[in-house]
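Visitor: Protein chains in written order, with my numbering: chain A, 1 to 247; chain D, 1001 to 1247.
Do not rely on the hints blindly, as some may be mistaken.
[Said to hold, decoys possible] Now the stretches of chain A that chain D is said to cover, found in silico as 3 or more residues with beta-carbon under 8 angstroms:
(1) 124-138
(2) 148-154
[Said to hold, decoys possible] Far from chain A, by Cβ distances over 12 angstroms, these chain D residues were calculated:
(3) 1139
(4) 1158
(5) 1174
(6) 1229
(7) 1244
(8) 1245
(9) 1246
[Stated by the list, open to error] A short list of chain D residues far from chain A (calculated; beta carbon distances all over 12 angstroms):
(10) 1023
(11) 1137
(12) 1202
(13) 1206
Hints in this document: simulated from the structure, not taken from any laboratory.
All values derive from a computational prediction rather than experimental measurement.
Idealized CB from N, CA, C, for every residue including glycine.
Protein chains: 2
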Amino acid sequence: MLNNIRVVLSHTTHPGNIGAAARAMKTMGLRHLYLINPRHFPDPQADAMAAGADDVLRDAVVCGSIDEALQGVVFTVAMTARLRDISLEVKTPREAMPLLQQHAAAQPVALLFGTEMSGLTNEEMGRAQLLAHIPANPDFSSLNLAAAVQVMCYELSVAAGAGLPALAETHPAPHEQVEGFFSHLEKALFEIGFFTTQNPARLMQRLRRLYARARLEQEEINILRGILSVTTEYNARLKTRYLQEHK
Amino acid sequence: MLNNIRVVLSHTTHPGNIGAAARAMKTMGLRHLYLINPRHFPDPQADAMAAGADDVLRDAVVCGSIDEALQGVVFTVAMTARLRDISLEVKTPREAMPLLQQHAAAQPVALLFGTEMSGLTNEEMGRAQLLAHIPANPDFSSLNLAAAVQVMCYELSVAAGAGLPALAETHPAPHEQVEGFFSHLEKALFEIGFFTTQNPARLMQRLRRLYARARLEQEEINILRGILSVTTEYNARLKTRYLQEHK
């Protein structure tokens, strides 16, 4: 579905931003870049910033007008940094990208970015069905163009279902092994005389909470019980030596 | 709460990335930047890429070790691009940032980024309580460092409740006005003879659907009814003339 999405950059001033935008797109699985009257393109700075997304740059479509860039597109979301004097509906990236993604299931859609300094013109925005605004620090809202492309493509990719691969196989310990550990722990704490200064029930409850959060694995229980065994053996040896010395 | 969050960049190679990261942070309302042994800092390239976030750079804390950077921190999320051979828990940005944000309500927390080429070392990751992974194109997963900072700070800002300001005041038309328009429309379509070739009920249903999506405002209804009036008047004049000519 990401294949039906074109990223359209209008009148980009700095070619480095075009390259960085291409890189941002490609990391999120997007590949169709349209450029409306870029000031410099192709350009070595664009290539440098693409850092491996040169196929996106190579296939970029350079257009002479917005209507050319949006030909065949059924749904366009335009970015806006301002929120005043705007009559179109405005949504957050999180609201807007699932809609774009939905439309992209069947037909071409576009995500439209304006020029670095002043964004899209009113005429350009009028071509869109929806506006998207990245909520930003009111005292410093100037996201870099490629950074905005990265955020939007990230949201698109999440909307398209990107997630983590299945968890690496873990081996959580079964109940009886966890309980075996707690019994061993409690016994060991008694043996080393720890409970002479502590309330056993309360302390065990706190320790249970700690290990519950950790979600113990079998192997870890083996390690912990190993430590307990050594501790009590060491303690037993100490006690024997003490008794021998004071005989 | 964002005030309790520090962004920690470990062994950053390119000073431009430090500047761009500072800019990304500031756009999302974050301000505490910690740098572990940056290769070049301060540096004119960092200043240039900060583009107005120079206060974040000026206040950046340069540290000699990760433990120095994490002093006082109660919860650390470390970024990872790889998912193999990892024993810590890994979450998506959308899962991890609300957790970081939660902890930040009370005490300092950190978001930890590794070096451009190879990310964080295992030793550095071991300092974190949680790993975060930005799902990326498996064939091209190399997000720029500042782009990754932008995505994570964006998620933090959303987690902190950033959204759109209240909607600009709209004046949706009340039910009776909308119905008045539909009556007028239907009558006009009859008058101009449109329904001789169309099923009236079915067509009106489709038109209702269209205008429902548009959520008509009062003023728009006035405009539309104005158009209808002119249309039928024009039609009436045409009819009169026709009748006169064929008398």
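Visitor: Please go over all the hints and tell whether each is borne out by the structure.
Guide: Evaluation of the provided hints:
Residue count for the segment 124-138 of chain A with a Cβ under 8 angstroms from a Cβ of chain D: 5. That meets the three needed, and the coverage hint holds. Check result for the segment 148-154 of chain A against chain D: holds, 3 residues qualifying (beta carbon to beta carbon below 8 angstroms, three or more required). For residue 1139 of chain D, the requirement that its beta carbon stay farther than 12 angstroms from each beta carbon of chain A is not met, with the minimum near 8 angstroms. A cut-off of 12 angstroms between C-beta atoms contradicts the statement that residue 1158 of chain D is not in contact with chain A; the least separation is 7 angstroms.
The beta carbon of residue 1174 of chain D is kept farther than 12 angstroms from every beta carbon of chain A, the shortest such distance being approximately 20 angstroms. Distance check for residue 1229 of chain D against chain A: the nearest CB is about 24 angstroms away, which clears 12 angstroms, and the non-interface claim stands. Chain A leaves residue 1244 of chain D outside its interface by the beta-carbon criterion, the shortest separation being 43 angstroms against a cut-off of 12 angstroms. With a least beta-carbon separation of about 43 angstroms from chain A, residue 1245 of chain D lies farther than 12 angstroms from that chain, consistent with its non-interface assignment.
Consistency note on residue 1246 of chain D: stated as away from chain A, and its beta-carbon is indeed over 12 angstroms from all of that chain's, at 45 angstroms minimum. For residue 1023 of chain D, the condition that its CB be more than 12 angstroms from all CB atoms of chain A is violated, with the nearest at approximately 6 angstroms. Taking the minimum C-beta to C-beta distance to chain A, about 4 angstroms, the non-interface status of residue 1137 of chain D is violated against the 12 angstroms cut. At the 12 angstroms boundary, the C-beta of residue 1202 of chain D stays outside the reach of chain A, the nearest C-beta of that chain being 24 angstroms off.
Consistency note on residue 1206 of chain D: stated as away from chain A, and its beta-carbon is indeed over 12 angstroms from all of that chain's, at 18 angstroms minimum.
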